[in-house]
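Novice: Here is what each chain is made of, one letter per residue.
Number of protein chains: 2
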Amino acid sequence: MSEPENKIQNQNQNQKKPAAATAAPVTTSAITPTRSENYAEWYQQVVRAAELAETSPVRGCMVIKPWGYATWENIQRVLDRMFKDTGHRNAYFPLLIPLSFLEKEAEHVDGFAKECAVVTHHRLQPGIKADGKPGLVPAGELEEPLVVRPTSETIIGASFSKWVQSYRDLPLLINQWANVVRWEMRTRLFLRTTEFLWQEGHTAHATSEEAMVETMKMLEVYADFTENWMAMPVIKGEKTEGERFPGAVTTYCIEAMMQDRKALQAGTSHFLGQNFAKSSDIKFSDASGSISFAWTTSWGVSTRLIGGMIMTHADDDGMVLPPRLAPAHVVIIPVTHKPETAAAVLEYCTRLAAELRTITYAGRTVEVELDARDIRGGDKAWQWIKKGIPLRVEVGPRDMEQDSVFMARRDRAHKDKQSLKRDEFVATITTILEDMQSGLFARAKAHREQNSKRVDSRAEFEAFFGSKNDSEDGGGSVQGGFALAHYSPDPKVEDELKAKFAVTCRCIPIDGDEEPGVCIFTGRPSTRRAVFAKSY
Amino acid sequence: MSEPENKIQNQNQNQKKPAAATAAPVTTSAITPTRSENYAEWYQQVVRAAELAETSPVRGCMVIKPWGYATWENIQRVLDRMFKDTGHRNAYFPLLIPLSFLEKEAEHVDGFAKECAVVTHHRLQPGIKADGKPGLVPAGELEEPLVVRPTSETIIGASFSKWVQSYRDLPLLINQWANVVRWEMRTRLFLRTTEFLWQEGHTAHATSEEAMVETMKMLEVYADFTENWMAMPVIKGEKTEGERFPGAVTTYCIEAMMQDRKALQAGTSHFLGQNFAKSSDIKFSDASGSISFAWTTSWGVSTRLIGGMIMTHADDDGMVLPPRLAPAHVVIIPVTHKPETAAAVLEYCTRLAAELRTITYAGRTVEVELDARDIRGGDKAWQWIKKGIPLRVEVGPRDMEQDSVFMARRDRAHKDKQSLKRDEFVATITTILEDMQSGLFARAKAHREQNSKRVDSRAEFEAFFGSKNDSEDGGGSVQGGFALAHYSPDPKVEDELKAKFAVTCRCIPIDGDEEPGVCIFTGRPSTRRAVFAKSY
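Sequence lines, in order, name chains A and B.
So the first sequence is residues 650 to 1185, counted in this note's numbering.
So the second sequence is residues 650 to 1185, counted in this note's numbering.
Hints listed in this document are in silico derivations from the structure and should not be mistaken for laboratory results.
Among the hints, erroneous ones may be present.
Identical copies carry no separate label here, and so any pair may be met within one copy or between two of them.
[What the hints assert, rightly or not] Pairs of lysine-lysine, DSBU-like flavour, derived with a Cα cap of 35 Å:
| # | residue 1 | residue 2 |
| --- | --- | --- |
| 1 | Lys753 | Lys763 |
| 2 | Lys782 | Lys811 |
| 3 | Lys763 | Lys782 |
| 4 | Lys811 | Lys763 |
| 5 | Lys778 | Lys811 |
| 6 | Lys1070 | Lys733 |
| 7 | Lys1094 | Lys1149 |
Being a predicted model, the structure only gives us computed values, none of them experimental.
Generate the whole structure from the sequences, applying the supplied hints.
Specialist: Structure below.
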């Protein structure tokens, strides 16, 4: 946006390929600070520079800007297809939940009571405000307060209890796309906001086994999505008691490692047993006429995924979007310095854009931005680099004469451009995008593997993580990563680890073979290694 | 659902075409009461029987059930494409609005203060409830109350004031899909609910002219959508002062006539002038560097459209869906009474479904339901009739032998079925659907024309509408419709018409030629006839 002019004017000094003298090279580092200087601040600056989101005047709530929202729309479109392909249907339930509904499940309300936005009045009238000045004040007090949904088990349960009468009504497989509010004290764009967008699946089944199959099926859907669409490798596992969803019997999750080696819980799938069926009275009669409570599940992912995408792929130049979810795949930048060729170059680019838009990639047509704005080429290129668009293509008069384009991939250094014949570019664009997609995944997976360690004693564990304060916002100096250690779940151990090291048990992985051992904290027997990490 | 068994057992008595003896005819009227018996109750029963939506335990809020939500998803998909094709981008803004923001525009806050859900606390803690019993009570009082958005001009204005600096940032064309809350005293599913889903477009422009072009462009988009997708004819017009959006300079609307001859406002597009730009400080510098306030617009349609669709097309058998927006286009019902042919019939139907699903209709593939549930054929057929699916196809062993299907169209009497060769059905299905679509539109338009009258005196006006009470919930006895009368807008006249006849000025139509005349109420000169009607 504010590229100094002298950087632009010097462009030809950095020229490597004479054939593309018309293309503006980019020479300035984009994000200040870098990841190694201050990871947390780098994150905020990437979000800002990519125009993904911004803070709002409402405490803890964000504004999702068009580029960020278009990313969310792609996430929605792919997940929605996956949910429908597994038999789920969308529906919509009220935003506002009567307080008495929330109270029906004791653990559930305990889990959410501390962070509820509460509606107590239904109109405004003239009066004296808290600051002593005249203005509008709340009026029309409600008999029973309403809570802005932090999650919808209780209000959806009220519908399910009506919809489910017979075993023929089961399984009932429902999903909702919605906004939810949890009053968070410390917020961060996408990762933890007071209001966020999500989907919440809610299902009811005739047997415990079927509900468990559903719980695991949706965990697999989430892992499939995060790995194959977001290019973000995840570990599927079960949460320990202290990290369970309030009211769940068991909570499964997918955990990803961010570039600062902290864990991000990217999605959860809960087996709710009969807890919510009992509190919401979801009962059915079986073929013989006897009545039982149903078995329910719930599962969700949110706009937090965009935070995970940023912290998995972005670099010191800004956002890096996985091609399969990018709002646009390629930007074409006509280089039109010379008035005598400007119109021809623009027309050439317009035809190229039209041809690219006929190509199918990852279930939709290739999305092309043709950026003919009258601003400096260097500024323009940097805006798109920061936005993380997978491919940048510059076309100047000489490129046009040679029927070639000058292409830069966002997964390579920004100066690393190549000249390609136009037809070759068109013919290979989907291959290039898929190569980038798999490359991003491989890089993220290698990062996780390099920073995961099998830890076989408490001393090793402590050396791996250092003290609590070491973890704050640093870059290269952060210790830790994923510690894989034998563990026999114990809430007291987890409280201590959280207090001393800011480390939590992320999950007990469900994949891989059993491996008998002893808990490094208590010496009790263990059948699997758990994953420990600092986390978001 | 609860078809009496004797009706089913008698099915063969009603058989007309021997070739289809296996198909179950349907002989029972579906909705009680009929439209002519009690229109308002008929509406509720259609919504219930079609499983579109239901009331919730939260006052005035509805649950949108899967069949209703899938209809909304189709509405969203088509409108979203129209918005993007006209250059708009989606974004998302906070649900909660600080009270002080709402107060910035005086008319605006006056318009919404009486129906705001107000958040005053951010947590719950143990205490004594209003009923004297122990439980959770609101705690953590907010310094400034937050209002659940009734509309987003003020909170979006806060972002626009940051995003708009230069004329280069204009026009700014944003849309949001969101839920909003307006505390309504009298609610009705889809038509008027406390929470509803909608889209709200918000744009900013450099000149008044451009903002007005946008206002009218989006009104055209809405008219295009309602007429060509919902098959609901509308009149485009301007609202008089008393019906304007609070804070708007002018409000344009589309008005449709329902089957009971009342008007439904189906969408609005507002020219906001500089009112909100001034209250939100949306300013830009032009090419010469001088600073001006932007000109803004807003426009929206909501889940109310589904109410309009019902009241335009549904009949005494239940819902009738316009094919272009139907969640599914055709249900295939295998008739499998005879065990020896059941498997073959089912396989035949499965192949037919697969082939239909390869056909494109109205921008998506033909959506097919294959209903092989083990319930009585008559019940099954009635469920789909009530849901309004455009085509029902029954296939029994004899149909299969003759390679034919037995088809019923939802826009014809439910007993009116025809046998078609399978290949002919496949080849003509999109033609049949389009024929239904245009037939529904033509029928609705004829209904409007039959019930619109040019009224040239106050006496004629009063005779046309009768008294206020005549209008309530009746069927055939309701007077009125659309009265087209010369009118010189006057708030006092409108107050009187509302009080005496429950009639409002729906709009001053923008299409058609000017026609000089005199106002039938005041005798003042008028250049156009206005539309008067009772309304939802």
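Novice: Please work out whether the CA atoms of Lys763 and Lys782 approach to 35 Å or closer within one copy, between two copies, in both situations, or in neither?
Specialist: Both. Shortest intra-copy (30 Å) and inter-copy (20 Å) distances satisfy the 35 Å Cα cut-off.
Novice: With identical chains, the pair Lys778 and Lys811 could be close in the same copy or across copies; at 35 Å between alpha carbons, which is it: within, between, both, or neither?
Specialist: between (44 Å within a copy, 28 Å between copies)
Novice: When Cα atoms must be at most 35 Å apart, do Lys1070 and Lys733 count as within-copy, between-copy, both, or neither?
Specialist: between (41 Å within a copy, 32 Å between copies)
Novice: One pair to classify: Lys753 and Lys763, alpha carbons no more than 35 Å apart. Within, between, both, or neither?
Specialist: Both: 16 Å inside a copy, 32 Å across copies.
Novice: Check Lys1094 against Lys1149 for me: Cα-Cα at most 35 Å, and say if that holds within a copy, between copies, both or neither.
Specialist: Cα proximity of Lys1094 and Lys1149: one copy only (29 Å, versus 73 Å across).
Novice: For Lys782 and Lys811, with the copy left unspecified, which applies at a CA distance of at most 35 Å: within, between, both, or neither?
Specialist: For Lys782 and Lys811, only the inter-copy Cα distance (28 Å) is at most 35 Å; the intra-copy one is 49 Å.
Novice: When no copy is named, should Lys811 and Lys763 be tagged within, between, both, or neither for a Cα gap of at most 35 Å?
Specialist: both (30 Å within a copy, 33 Å between copies)
Against the hints set out earlier in the document, no violation occurs for any number.
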